[in-house]
Amino acid sequence: MISILEFLARLAVWLFLAPLLPGVINKVKAWVAGRRGPPVLQLYYDLARLWHKGVVVSTFASPGFIAGPAVAWVAVLAAALLLPLGPLGTSLSFRGDVILLIYLLALARFCTAWAALETGSAFEGMGAAREVSYAVLAEAAVITAVLTLSMQSGSVSLSAMLTPSVGPGAVLLAVGLFAVLLAENCRVPFDDPNTHLELTMIHEVMVLDHSGPPLAAVLHGAAMKLLLFSVLLVQAVLPIGELSVAAASGAMIGGVLLVTVAVGFTESLTARVAFRRVPLLLTTAFLLCVFALLIAWKGGAA
Amino acid sequence: MMMDWLIAGAVIMLVAAALSGARFPRVWLALTLAGTATLLATAFWTLGGGAEWDWRSSFAVGGERIHLRLDALSAWFLALVAVVGGGGAVYARGYWPDCEHPASAGRGRTWWSMLVLCMSLVLLCANGLHFLMAWEAFALSAFFLITLERERRETRAAGWLYLAASHAGTLGLFAFFSLLATKTGSWELGPMRDHAELAPLFWVALFGFGVKAGMFPLHIWLPSAHANAPSHVSAIMSGVAIKMGLYGLVRFSGWLPLPAGAGWVVLALGAVSAVLGAAFALAQNDLKRLLAYCSVENMGVILIGLGVALLGTANGDTAWGRLAMAGALLHVWNHGAFKALLFFGAGSVLHATGTREMSRLGGLWRAMPWTASLFAFGSAAISALPPLNGFVSEWLVYLGLFDAAASHTRVAVAIVPATIALGVTGALALAGFVKASAVVFLGAPRTQVAVHAHECGWWMRAPMLALAGICACLALAPAAVWPFISRVLVGWRSAWSGGKPPASLITLGYTHLALAASLTVAAIALWFRSRTNGVRRALTWDCGYALPTARMQYTGGSFAALASGWFGWVLRPERRLHWPRGPFPRQADFVERIPETVLERVIGPVGDAVMVASAWVRQRQQGSLPDYILYLVAALAAMGALVLFGSI
Amino acid sequence: MNDWLNLLIGLAMGLNLVALGTSRLPSLIRVAALQGMVLGIMPLVIEHELRLLAVAVAIATVAIKGLVIPALLRRAMRTANIDRDLHPLIGFLPSLLLGAAGMIGAVVLASRLPLLPEHHESLLVAGSLASVLAGLLLLIGRSKAISQVCGYLILENGIYLFGLLLIHSVPLLVEGGILLDLTVAVFVTGIIVDRIQRAFDSLDTRKLTVLRE
Amino acid sequence: MKELLLIIVPLVAAALAALWPNNRTRPWFLPVAALMHTLLSFGLLLYPPEAPFHAWFGYDPLARAMLPAVSLLFLGCAAYGVPYLQLRSERSNRVFVPAFLAALGLMSAAHMARHLGLLWIATEAVTLSSVPLLHFNNTPRAFEATWKYLLVGGTGIALSLLGSFCLGYASLHGGGTGDLTFAGLVAQGASLSRPWVLIAWVLLLVGYGTKMGLAPMHTWKPDAYGEASGIVGAMLAGGVTTVAFTAVLRVRAVVEAAGAGVVANRTLLVIGLFSMLVAALFLLSARDFKRMLAYSSVEHMGILSFGAALGGAGLWAAFFHVWNNSMTKGALFLSAGNIRRAAGGRTVDEVSGMSVITPRSAALFVMGLFAVTACPPFGPFFSELLIVKSAFGTGHGWAAAFFLGCLLLAFFGLTRVVFAIVYGRPRQAAREMDPKFRETLAVIVPPVLLLLLSLWLGLFTPEVLRQSWTAAVQQLSPTP
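Chains as they are written, first to last, in numbering that gives the first Met the number 0: chain A, 0 to 301; chain B, 0 to 647; chain C, 0 to 212; chain D, 0 to 479.
Extracted from the complex, chain A is given alone in its bound form (with noise of 0.2 Å):
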């Protein structure tokens, strides 16, 4: 019973706090620009029209473009399940959990990347080449942080290998997965979310023909990602695992809140990079982490 409530207001947490974080980033950029800017509940508004829109198919598309959001948001929900949130830790931890983590992602960007390419549009095929093409570097950056905690910690679930390291390690790893959350969310230098332009898109092209329900799937799935992501930082660079429950929930928020800040400060003083120098980016992240691996291993053999 007990368990099951937890489960639930966990699910709550995921489901709700979500859509807050594009809208607190909005509002950083708009702040930085000197704009008022949409109110930081905007993406709930949207959420909440969608949701009550009708939708308009592609006259290409099979069931497939309807099922396809609805997958991925659900596998990107699943994936957030998983992991542990500060002291709450976690309902459901497993070794491995952390390597199913990593695929549910993969699922939903294959759902997305499908619903993507059933309309035959060759703008949507172009963001779906860019999404799967990039998420190669992307892996194994993500696969080489997840290898350097586990290394770090000597268990390969989220639950036990989230005790992070002090010292340089733990920065690369930051910067590092700080990287590959830009990266995996498509957020400026690697994409820029609120271009009008869709040759320079990833993201925002895939999903040009959704509208209603799915679209709204689409955003809040991409706004879960977010959070997920940060969350995971946050875990792996902060030692908040010896804090008292509190102390360590307020670091958690603190924590998430800091990297959606910083990842508004970026998009609002960095230019979206060319595409052509978006693998050196992303091999560089990839190699900030095989660093922290390496200090990792050492401390380890030490």
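Derived by calculation from the structure, the hints in this document are not laboratory data. Bear in mind the structure is a predicted one, so any value in this text is a computation, not a measurement. Hints are supplied without guarantee of correctness; some may be wrong.
Said to hold, decoys possible - Derived CB-CB ranges, DEER-like:
#	chain 1	residue 1	chain 2	residue 2	range
1	D	T439	B	A50	49 to 57 Å
2	D	T439	C	R77	46 to 54 Å
3	B	R409	D	G258	51 to 59 Å
4	C	L10	D	P20	49 to 57 Å
5	A	P38	B	R580	52 to 60 Å
6	B	G8	D	E462	29 to 37 Å
7	B	R619	C	L10	37 to 45 Å
8	D	W455	B	I602	32 to 40 Å
Said to hold, decoys possible - So, partial list: chain A residues that the calculated Cβ filter (under 10 Å) puts toward chain B:
#	residue
9	V55
10	S61
11	A77
12	I101
13	E123
14	R186
15	I252
16	R271
To be verified - From chain B, some residues computed to sit far from chain C (all C-beta separations above 10 Å):
#	residue
17	W4
18	F43
19	G49
20	A102
21	G189
22	H194
23	A259
24	T354
25	Q447
26	A461
27	P500
28	M551
29	R585
30	P625
No residue lacks a Cβ here, since even glycine has one placed at the ideal position from N, Cα and C.
Got chain A sorted already, so can you dock chains B, C and D onto it with the hints?
Frame of chain A, contents of chains B, C and D only:
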């Protein structure tokens, strides 16, 4: 006793099937199915804890008494042979019927039963001589199956390449088995871990079996053979036949003492095969070639598991080695199932449209919904996406890798790169299969053939459904097969007493169940929500472009261009591009060809060198009698010199 | 009697050189025939008591090598109306020098080989080796089928010479061998001649190269 | 003296055939005589007669291990010969049939000859008797082939005569009394004068090697096999070569007894591997499928001498391989003959798609191909595997690797040519060629039987054969 009868029955039925194949399709089908079913029964009897079956003939064949044995390891592969063998037989009835292939259908049936029989015998033989016989017979029947459509030049070329490569491997096995026989003094096979001097033989076996297993530098025969063979043949070749090479490796790495570097080398080969196989697969434009290269990739995954296991045994039978081995074994089944499924799917596409060229297809889901959904299912499974079976086996391998890395021993030097390679492979495979299924089945039909496609019949659909069902079972109840796996593990390394399935595996099973359920629910829910809100069909918006044509869609080539560009150093794509010129450009075209790098850049030159030598020798024999007498004198002199310096 | 023998052998060796040196087919044929006859009478020189078979063999040799084969070859030569081997594969001077070198080598080798006492001062081994070499040289160096036949004949003469070493101990082997060898010679010649009769072909071996790789 | 019948029967048959007036019925002499010969040789195989120590002819273990194979092959060829010669009724076979039969008798003589000189005489006689066979077609090509066969082979034969003389002289010099039976020579053993023995060995190896067709003395082979008809080719490849191999083995025994066995083995090993390499290189770019068979035969001669060089188990495997080689080569040559008849052409440029025109012969040809390239379950697989095994066993690891490499190259070449001829689209021209030819049972059954024999030999080698080979090995190298 019962086992004797069962296996004898299976063999007799398959032989009878081979004999009846030419004339009586129905009888053949019945016999083949009965035979494979019997084999399956024996396999599961053994896997389910039945005593190891061991039988010696009273008579001798080729100077040796026949010695058959069925232990858990053989049974594990035998089950795969039986399943795909039976399924393919059913599929062939719809895919390669007499009415469409009067010349070759009967031949195809005969050799099919022969192939299944010989592969089973390879798994059963416990005598080097008979193992070799069964091995070569299996290779030959595979050759005749590949060249069923021998009128086509490229089919003949592919068949010859396969035969040549496989014979090279077989000669390697000649050396392997005769060395074994000379060192142990008999052709009998069995555990011989105590003969330390046998360790170097592992390298010979690695070559001999590696050719068949299609691991990376030795995979040259695989793509063209799989692409040009009839699809049910490609299915059994890729799903089962290459596993025979793997069986040899597993079998003899279990029986022989191992050289120091074995684990490292196998791990490295596995990593290379996995990454490059996936990269090549992504770059292909021919649907079946793509699937073929993906087999290289999956063999790589399995070899990674095997390599980790070998490292584990070298470091005192560690638990992580065991996990990785379990993953590898499970992946053997998984890959067998979904690769066969995918080739069947590709076959029905080929059957419906007559082309394997992906850039000529597209939008097939409307014409062939069954095939489309089954192919999509297979693609998701082979991309190791949860909650499907491909993920379970890769997950086990990952666990092994992570634990090994966490063990902080020096093996981590090899483990860490392998882990990263496996991750990259996963992402590449995903890209490849998004490309394959989307370009073929989604969007708008690119050519007329794609427009006029038709769904395949039940003969072809049923086996696909069965295989998909097997995948689903393996995905949702992985813990159920653990007892089998643990028996195989004990057979491979007696130190590894099987024991219970790891708790996390059971949890993963439940998670998969929950996940599958919620995925379905969510999809349906969203569908209904959209229905209630009202669904309007409209042209793809496509940024407001008014007249989209099918030719404007993203092609497979352009889809893969970005990622395969990073592997240009090994893919070496050959591009021919005519830019559109002038104010009213006439024609502009772009042709891209992905060469078989190893074959064309490595084997080719060597072959040319040999042919130069051959031409030189031919030049020496131009029919002039005096020259011939001169050679006689030269031989006299040479032999004289040899004797002179020999006798001193 | 050994010096008689050696005289004849020396003559045969000289004939080898002549054969190697000459470009005219008639003289080549004549040389081969002469050598054959010289060798044919040798057994009679060696033998202490004249056995019937030995005499028969000697007569056969002389008859066939000295008369039959040369006659056949001459007829063939006339029908094909060639009388020179103008374009030898190995020039006449080189082959002459090679032959001489071979002869010296043969003598040296013969002197180093272990021989039975009664053969010590006989030239048999040296002569046979020299003739074998000369024959091979002709076979390799000449372009006309007829001259190659002559080369083959000289090769046989060399072997025959060696056989004389054994004629006391194993007469049957030697004589049988010699006779059969003669038949080969006859065969070779016969085929050539038959061919030439029918095709009026000069049988330049450079033309006999249809069968090739 | 029953064994002398093996020589007499065919020769008498030859004489009768020469006198026989009727051109159409004369070919029947072949199967009849062959059948008698086969029965006789197998009877003697089962109930071996005593071979007296100094007998000049004797059905000794070596003959017993080899001769039945030859007579089986001859039986096959003879059975095929009847329809073949009736097909070629435009040419008189008054010479062909007697010569063919005489060849059989002389081959038996050569196999059974236990005397140095007699062996040489028999071998030479075989050569001569096969000349008319080669010349049967009486075309300029046939003439050229015959001429080369005669002159190259003749030179080789002359050299081996010289070698025999040298061996004889070696025995004289060692105080021999002129007893040139092999038994006597072996008994003389170490007292033979070593230099002369070595010279004799070189001359005899090259001489008889020329008849075997070891490279580089193989040059007559492709011409002869290419021009001869199928049965003659089969006979040359499976019979005459065997005779020469027997001769080499007999001489080798003497050399070994004289204490130069190691040297002899080294030369055999080198020339065997060299032959395999050369043959493989030729096969790689072969275009004419009858010449291809010749090179394959060169390769197998190389295999034989490689096996013989290994001694012991290798020699045993070589005997095994002699049988397999005879059977498979027979099947290949006869089916190739059918294809040649039906297709009219002989190179891959002229012939293709024979699986459509002559399905049975084509299937046979392919099966024969796999048999001859050591694919199980045919006999050669077992013998070659045993040779490899004994090579590894005697520490010739690298030689074995080289051996396998040559096998691989040869496999490439053979498969390339055969598939090009059998598969693919049939040339239109080939359809009209030689309407006289039909794939009757008479031309299919003999090769099928030979192939089945090779299969049976491999799978269920009869005990009597095994122990006959063991006995032959014992005879040749009594010191184990």
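The hints, checked one at a time:
no. : hint                        : verdict
1   : D:T439 / B:A50: 49 to 57 Å  : holds (55 Å)
2   : D:T439 / C:R77: 46 to 54 Å  : holds (50 Å)
3   : B:R409 / D:G258: 51 to 59 Å : holds (57 Å)
4   : C:L10 / D:P20: 49 to 57 Å   : holds (52 Å)
5   : A:P38 / B:R580: 52 to 60 Å  : holds (54 Å)
6   : B:G8 / D:E462: 29 to 37 Å   : holds (31 Å)
7   : B:R619 / C:L10: 37 to 45 Å  : holds (39 Å)
8   : D:W455 / B:I602: 32 to 40 Å : holds (38 Å)
9   : V55                         : holds (5 Å)
10  : S61                         : holds (5 Å)
11  : A77                         : holds (6 Å)
12  : I101                        : holds (8 Å)
13  : E123                        : holds (8 Å)
14  : R186                        : violated (19 Å)
15  : I252                        : violated (28 Å)
16  : R271                        : violated (16 Å)
17  : W4                          : holds (58 Å)
18  : F43                         : holds (59 Å)
19  : G49                         : holds (61 Å)
20  : A102                        : holds (36 Å)
21  : G189                        : holds (50 Å)
22  : H194                        : holds (48 Å)
23  : A259                        : holds (49 Å)
24  : T354                        : holds (43 Å)
25  : Q447                        : holds (51 Å)
26  : A461                        : holds (56 Å)
27  : P500                        : holds (66 Å)
28  : M551                        : holds (57 Å)
29  : R585                        : holds (50 Å)
30  : P625                        : violated (5 Å)
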